[in-house]
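Colleague: Once you've looked at the hints, dock chain B against the given chain A.
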Amino acid sequence: AQSVTQPDIHITVSEGASLELRCNYSYGATPYLFWYVQSPGQGLQLLLKYFSGDTLVQGIKGFEAEFKRSQSSFNLRKPSVHWSDAAEYFCAVGLSGTYKYIFGTGTRLKVLA
Amino acid sequence: DTEVTQTPKHLVMGMTNKKSLKCEQHMGHRAMYWYKQKAKKPPELMFVYSYEKLSINESVPSRFSPECPNSSLLNLHLHALQPEDSALYLCASSHGNEQFFGPGTRLTVL
Chain A
1 AQSVTQPDIH ITVSEGASLE LRCNYSYGAT PYLFWYVQSP GQGLQLLLKY FSGDTLVQGI
61 KGFEAEFKRS QSSFNLRKPS VHWSDAAEYF CAVGLSGTYK YIFGTGTRLK VLA
Chain B
1 DTEVTQTPKH LVMGMTNKKS LKCEQHMGHR AMYWYKQKAK KPPELMFVYS YEKLSINESV
61 PSRFSPECPN SSLLNLHLHA LQPEDSALYL CASSHGNEQF FGPGTRLTVL
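Each protein sequence line maps, in turn, to chains A and B. Using this note's numbering, the first residue of the first sequence is number 1, and each one after it goes up by one. Using this note's numbering, the first residue of the second sequence is number 1, and each one after it goes up by one.
Some clues are possibly wrong.
The list that follows gives simulated cross-link-like pairs (lysine-lysine, DSSO-like), each with its CA atoms no further than 30 Å apart [claimed, not checked]:
id: 1; chain 1: B; residue 1: 9; chain 2: A; residue 2: 49
id: 2; chain 1: A; residue 1: 61; chain 2: B; residue 2: 38
id: 3; chain 1: B; residue 1: 53; chain 2: A; residue 2: 49
id: 4; chain 1: A; residue 1: 49; chain 2: B; residue 2: 19
id: 5; chain 1: A; residue 1: 110; chain 2: B; residue 2: 9
id: 6; chain 1: B; residue 1: 38; chain 2: A; residue 2: 110
id: 7; chain 1: B; residue 1: 41; chain 2: A; residue 2: 110
id: 8; chain 1: B; residue 1: 19; chain 2: A; residue 2: 100
id: 9; chain 1: A; residue 1: 61; chain 2: B; residue 2: 36
Partial chain B-side listing against chain A, Cβ under 8 Å, derived [to be verified]:
id: 10; residue: 29
id: 11; residue: 31
id: 12; residue: 42
id: 13; residue: 43
id: 14; residue: 45
id: 15; residue: 48
id: 16; residue: 55
id: 17; residue: 56
id: 18; residue: 61
id: 19; residue: 98
id: 20; residue: 99
id: 21; residue: 103
id: 22; residue: 104
id: 23; residue: 106
What the hints contain is simulated information worked out from the structure, not anything from laboratory work. Where a beta carbon is used, it is the ideal one built from N, C-alpha and C, also for glycine.
Isolated chain A (complex conformation):
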């Protein structure tokens, strides 16, 4: 069955610390992978995406993610977190040949000053 798992419901980090948000997926075909960020009451903003090619993907706001096919993972990283990064983060898999995404359940990031 197709699924996306974000194991961490909540993560708290101090400002300036590094961050890694985990995402694992189950999908039989080549996945189209996305990370979105959502501030309270706002829409989803695309941070980065992976379709093919270089498995280390750079995104906006200093985020990067690495696609590891052998581990079915697409973890999001940032070397130094800013207070403005506090938000909900969603990992998603786009199902090829359809219009559908499978979203993970989200990880809520809290940043301590």
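Modeller: Relative to the frame of chain A, chain B by itself:
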């Protein structure tokens, strides 16, 4: 223009009211979507329009009625909603496999 716009930002309606949500994009995308998002949950797909035709209806109750008058505009007509329909309603459009989301309409049903 590289964004999806939604109006209104907030909507409060009674269970007997009829209202509409509006979504617009001018990126030339030919697929448009409605999602419903409850607090602390991921978005749930409701409808997909492709080339102005309804392509996917995820078994949404008939009190929600989508409409796609042209390739840039998507409406969601609401009638006889229930309090449990209160949520953030997100519109999206797509180019290939990438979806672009609007800011959402916060709907409260009293």
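Colleague: Could you run down the list of hints and mark each one as holding or not?
Modeller: Hint-by-hint comparison with the structure:
1. Annotation: proposed proximity of residue 9(B) to residue 49(A) holds, straight-line Cα distance about 28 Å (limit 30 Å).
2. The hinted pair formed by residue 61(A) and residue 38(B) meets the criterion: a straight-line CA distance of about 26 Å does not exceed 30 Å.
3. Restraint check for residue 53(B) and residue 49(A): the C-alpha separation of about 28 Å stays at or below 30 Å, so the hint holds.
4. A C-alpha spacing of about 35 Å is found between residue 49(A) and residue 19(B), which places the hinted pair above 30 Å, so the restraint is violated.
5. Our distance criterion of 30 Å between C-alpha atoms is met by residue 110(A) and residue 9(B), whose separation comes to about 26 Å.
6. Our distance criterion of 30 Å between C-alpha atoms is met by residue 38(B) and residue 110(A), whose separation comes to about 20 Å.
7. Distance restraint check for residue 41(B) and residue 110(A): the Cα-Cα separation of roughly 17 Å lies within the 30 Å cut-off, and the hinted pair is therefore satisfied.
8. Taken as a hint, the residue 19(B) and residue 100(A) pair is honoured in the structure, with Cα atoms around 27 Å apart against an allowance of 30 Å.
9. Of the pairs offered as hints, the one joining residue 61(A) and residue 36(B) holds, with about 27 Å between alpha carbons and a cut-off of 30 Å not exceeded.
10. With its C-beta approaching chain A no nearer than about 11 Å, residue 29(B) sits outside the 8 Å limit, and its interface hint is violated.
11. The criterion of a C-beta within 8 Å of any C-beta in chain A is met by residue 31(B), whose closest approach is roughly 6 Å, and the hint holds.
12. Taking 8 Å as the C-beta cut-off, the interface hint given for residue 42(B) holds, the closest approach to chain A being about 4 Å.
13. The beta carbon of residue 43(B) is positioned within 8 Å of a beta carbon in chain A (closest approach about 6 Å), and the interface hint is therefore held.
14. Because the smallest distance between the Cβ of residue 45(B) and any Cβ of chain A comes to about 6 Å, under 8 Å, the interface hint for this residue holds.
15. The beta carbon of residue 48(B) is positioned within 8 Å of a beta carbon in chain A (closest approach about 5 Å), and the interface hint is therefore held.
16. For residue 55(B), the interface hint holds, the least distance from its beta-carbon to any beta-carbon of chain A being 7 Å, beneath 8 Å.
17. Satisfaction of the interface hint for residue 56(B) is found here, the shortest Cβ-Cβ separation to chain A being roughly 6 Å, below the 8 Å cut-off.
18. Interface hint status for residue 61(B): violated, as the beta-carbon distance to the closest one in chain A is roughly 20 Å, over 8 Å.
19. Of the supplied interface hints, the one on residue 98(B) holds, with its beta-carbon coming within about 6 Å of a beta-carbon of chain A, less than 8 Å.
20. At its closest, the beta carbon of residue 99(B) sits 7 Å from a beta carbon of chain A; the interface hint therefore holds under the 8 Å criterion.
21. Checking residue 103(B) against chain A: minimum C-beta separation of about 4 Å stays under 8 Å; hint holds.
22. For residue 104(B), the interface hint holds, since its Cβ comes within 8 Å of a Cβ in chain A; the closest pair sits about 5 Å apart.
23. Satisfaction of the interface hint for residue 106(B) is found here, the shortest Cβ-Cβ separation to chain A being roughly 6 Å, below the 8 Å cut-off.
In summary, the numbered hints that this structure violates are 4, 10 and 18.
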